Amino acid sequence: DTEVTQTPKHLVMGMTNKKSLKCEQHMGHRAMYWYKQKAKKPPELMFVYSYEKLSINESVPSRFSPECPNSSLLNLHLHALQPEDSALYLCASSPNVRDTEAFFGQGTRLTVV
Amino acid sequence: SQKIEQNSEALNIQEGKTATLTCNYTNYSPAYLQWYRQDPGRGPVFLLLIRENEKEKRKERLKVTFDTTLKQSLFHITASQPADSATYLCALDITQGGKLIFGQGTELSVKP
Numbered sequence: 001d002t003e004v005t006q007t008p009k010h011l012v013m014g015m016t017n018k019k020s021l022k023c024e025q026h027m028g029h030r031a032m033y034w035y036k037q038k039a040k041k042p043p044e045l046m047f048v049y050s051y052e053k054l055s056i057n058e059s060v061p062s063r064f065s066p067e068c069p070n071s072s073l074l075n076l077h078l079h080a081l082q083p084e085d086s087a088l089y090l091c092a093s094s095p096n097v098r099d100t101e102a103f104f105g106q107g108t109r110l111t112v113v
Numbered sequence: 001s002q003k004i005e006q007n008s009e010a011l012n013i014q015e016g017k018t019a020t021l022t023c024n025y026t027n028y029s030p031a032y033l034q035w036y037r038q039d040p041g042r043g044p045v046f047l048l049l050i051r052e053n054e055k056e057k058r059k060e061r062l063k064v065t066f067d068t069t070l071k072q073s074l075f076h077i078t079a080s081q082p083a084d085s086a087t088y089l090c091a092l093d094i095t096q097g098g099k100l101i102f103g104q105g106t107e108l109s110v111k112p
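Protein sequence lines correspond, in order, to chains A and B. FYI, the working numbering numbers position 89 of the first sequence as 89, with every residue one higher than the one before it. FYI, the working numbering numbers position 35 of the second sequence as 35, with every residue one higher than the one before it.
Here are the computed distance ranges between Cβ atoms for each label pair:
#1 Asn53/B <-> Asn57/A: 30 to 36 Å
#2 Lys99/B <-> Pro61/A: 17 to 23 Å
#3 Gln106/A <-> Thr68/B: 32 to 38 Å
#4 Glu56/B <-> Val12/A: 42 to 48 Å
#5 Arg58/B <-> Pro83/A: 42 to 48 Å
#6 Gln106/A <-> Thr78/B: 24 to 30 Å
#7 Asn17/A <-> Ala83/B: 37 to 43 Å
Hint data in this document are derived by calculation from the structure and do not stem from the laboratory. Note that this is a predicted model, so its numbers are computed, not measured. Ideal placement from N, C-alpha and C gives every residue a C-beta, glycine not left out.
Turn these sequences into a full structure, and let the hints guide you.
Written as structure tokens, this is what we have:
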């Protein structure tokens, strides 16, 4: 299994809602990532987890809250988002944080209304 | 400031020709550089990784070079096909600790 699975594929939420994005991999990878991608722009790193511990937070607003319950799962909890947070949210994993390629999921298309 | 730049936003070529994409970076000393392909609405797909001590790497019709003196990588697709049309992204781990940062991408269009 060489897949990174993200759910849901699409999400529409209001600015007062709380929702969560989920990401799962069964490749035994110990590094997992969240990226945000706006149209016609490259993926922008948000968070990196290494061995289930948060190792990089790219100064992301607190309305985005990551969680890594175990080595296979990564969540992104969303609360009080703004319309400008609408984007494609990508999860990725890699065997470790050094010297390896990243495997990306298909993303969650988030629309904040 | 630190930058990763890909030479053009869009590249149009004829089927069968070689596509050459450029990635330049400043103020980094990466141990390796990666290239990804991204189709619209989908996540990036890893293509090749080249390390600082490797001058060139090949995979089927793909070739990557890495010049740490020029701070540049070239990505070649030989005998290009319309199915190669996509956005190609170069990426660097700027901390060697998982901070994988992408260039802005080059949208390649291969015409029959």
